[in-house]
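**Student:** Residues per chain, in single letters:
Number of protein chains: 2
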Amino acid sequence: MKGKKTDLDEHACAIARSLGAIGDWWSLLIIRDALGETRRFGEFQKSLGLAKNILSARLQKLVERGILATAPASDGSAYKEYVLTPKGEKLYIVIAALWQWGEEFCFAPGELSYDMVDKDTRKPFQPLELKARNGAVLGPRDMQPWPRPASKVKRKAASSR
Amino acid sequence: MKGKKTDLDEHACAIARSLGAIGDWWSLLIIRDALGETRRFGEFQKSLGLAKNILSARLQKLVERGILATAPASDGSAYKEYVLTPKGEKLYIVIAALWQWGEEFCFAPGELSYDMVDKDTRKPFQPLELKARNGAVLGPRDMQPWPRPASKVKRKAASSR
Numbered sequence: 000m001k002g003k004k005t006d007l008d009e010h011a012c013a014i015a016r017s018l019g020a021i022g023d024w025w026s027l028l029i030i031r032d033a034l035g036e037t038r039r040f041g042e043f044q045k046s047l048g049l050a051k052n053i054l055s056a057r058l059q060k061l062v063e064r065g066i067l068a069t070a071p072a073s074d075g076s077a078y079k080e081y082v083l084t085p086k087g088e089k090l091y092i093v094i095a096a097l098w099q100w101g102e103e104f105c106f107a108p109g110e111l112s113y114d115m116v117d118k119d120t121r122k123p124f125q126p127l128e129l130k131a132r133n134g135a136v137l138g139p140r141d142m143q144p145w146p147r148p149a150s151k152v153k154r155k156a157a158s159s160r
Numbered sequence: 000m001k002g003k004k005t006d007l008d009e010h011a012c013a014i015a016r017s018l019g020a021i022g023d024w025w026s027l028l029i030i031r032d033a034l035g036e037t038r039r040f041g042e043f044q045k046s047l048g049l050a051k052n053i054l055s056a057r058l059q060k061l062v063e064r065g066i067l068a069t070a071p072a073s074d075g076s077a078y079k080e081y082v083l084t085p086k087g088e089k090l091y092i093v094i095a096a097l098w099q100w101g102e103e104f105c106f107a108p109g110e111l112s113y114d115m116v117d118k119d120t121r122k123p124f125q126p127l128e129l130k131a132r133n134g135a136v137l138g139p140r141d142m143q144p145w146p147r148p149a150s151k152v153k154r155k156a157a158s159s160r
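Chains W and V are the protein sequences, given in the same order. Under numbering that gives the first Met the number 0, the first sequence has 150 at position 151, and the numbering climbs by one with no breaks. Under numbering that gives the first Met the number 0, the second sequence has 113 at position 114, and the numbering climbs by one with no breaks.
What the hints contain is simulated information worked out from the structure, not anything from laboratory work. The reader is advised that the hints may include incorrect statements.
Heads up, the list lumps identical chains together, so a pair's fine if it works in one copy or across two of them.
Unchecked claim - BS3-like mimics (lysine-lysine), calculated; alpha carbons at most 27 Å apart, straight line:
#1 K51 - K151
#2 K45 - K130
#3 K151 - K122
#4 K60 - K118
#5 K89 - K122
#6 K153 - K122
#7 K79 - K130
#8 K60 - K122
#9 K79 - K153
#10 K122 - K51
#11 K151 - K118
#12 K60 - K151
#13 K118 - K153
#14 K130 - K60
#15 K89 - K130
#16 K79 - K151
#17 K130 - K86
#18 K86 - K151
#19 K51 - K153
#20 K89 - K79
#21 K86 - K60
#22 K79 - K122
#23 K51 - K118
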């Protein structure tokens, strides 16, 4: 599966297209914060330390892509709040995968001072596992892109045949 | 958990640190290709359509971060090959999570022409699920960072107390 197009939004690959939709690393950190209690511009800014114009552009893009939506302030004040849409919330699996990888490979022993836990039990969750339909656990070399049956794919034009 | 530092490599958050280690979106596409059959500079270039100097810098960074390693060509030719280390391979969970999200949200019906399948059965794998230790499936609002017990964390200096 080739991915030559430099506009990620037009890639045939769902990985590339996800990356195009999300925007950049900072956008993922915005999503991380929004999965917690962060809602307002000033709160995102305080957490991320981004310049106002950059943060503003990132938030705007995430709204355009349907990952965040704006809502009136929950306390009735004049502030606008940014909340994850169901589409945006679903990125929690990507966020959790990045956490687990970082935890395993990016810290010296004893350096990481937080665990990512589930709210109920406050215990770290299980490592994410990729499983085949029959339940077999899949390793990094077990996955590959495979053309869909033609009946499932809409043909665009003669040129794409 | 605050993450003000603009150098992602020094963040207390494992998500931010993962992002710092990986580099940028293009680096994830390099890793995607390396999980397949792509090994050589020219092959990555053909797949990604990146300028040589940019691709070269990305590959170099991934080698420095221990995500890729260089190896002599498997066919005995003079070409250098880039292969994923075990640390790099483990990013397949992140890649799979991005695929599944992109598949669900970033394509019109009938537009996606590939499935990501397991090599054995050529069937799409199960959606990734985040599970608590007790096996409960966790939703996007069920996770939160939580301070580790002090006994597990090394104190750096008086200033960090």
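**Student:** Each hint should be assessed against the structure and marked as holding or not.
**Tutor:** These are the hints, each one checked on the structure:
no., hint, in the structure
1, K51 - K151, "neither (45 Å within a copy, 37 Å between copies)"
2, K45 - K130, "neither (39 Å within a copy, 31 Å between copies)"
3, K151 - K122, "between (42 Å within a copy, 14 Å between copies)"
4, K60 - K118, "neither (30 Å within a copy, 36 Å between copies)"
5, K89 - K122, "both (21 Å within a copy, 22 Å between copies)"
6, K153 - K122, "between (45 Å within a copy, 20 Å between copies)"
7, K79 - K130, "neither (41 Å within a copy, 33 Å between copies)"
8, K60 - K122, "neither (34 Å within a copy, 34 Å between copies)"
9, K79 - K153, "neither (40 Å within a copy, 40 Å between copies)"
10, K122 - K51, "neither (36 Å within a copy, 46 Å between copies)"
11, K151 - K118, "between (40 Å within a copy, 20 Å between copies)"
12, K60 - K151, "neither (31 Å within a copy, 39 Å between copies)"
13, K118 - K153, "between (43 Å within a copy, 25 Å between copies)"
14, K130 - K60, "neither (33 Å within a copy, 31 Å between copies)"
15, K89 - K130, "both (18 Å within a copy, 15 Å between copies)"
16, K79 - K151, "neither (42 Å within a copy, 40 Å between copies)"
17, K130 - K86, "both (23 Å within a copy, 20 Å between copies)"
18, K86 - K151, "within (23 Å within a copy, 36 Å between copies)"
19, K51 - K153, "neither (42 Å within a copy, 35 Å between copies)"
20, K89 - K79, "within (23 Å within a copy, 39 Å between copies)"
21, K86 - K60, "within (14 Å within a copy, 32 Å between copies)"
22, K79 - K122, "neither (34 Å within a copy, 44 Å between copies)"
23, K51 - K118, "neither (32 Å within a copy, 46 Å between copies)"
Hints 1, 2, 4, 7, 8, 9, 10, 12, 14, 16, 19, 22, 23 from the earlier list are contradicted by this structure; the remaining hints agree with it.
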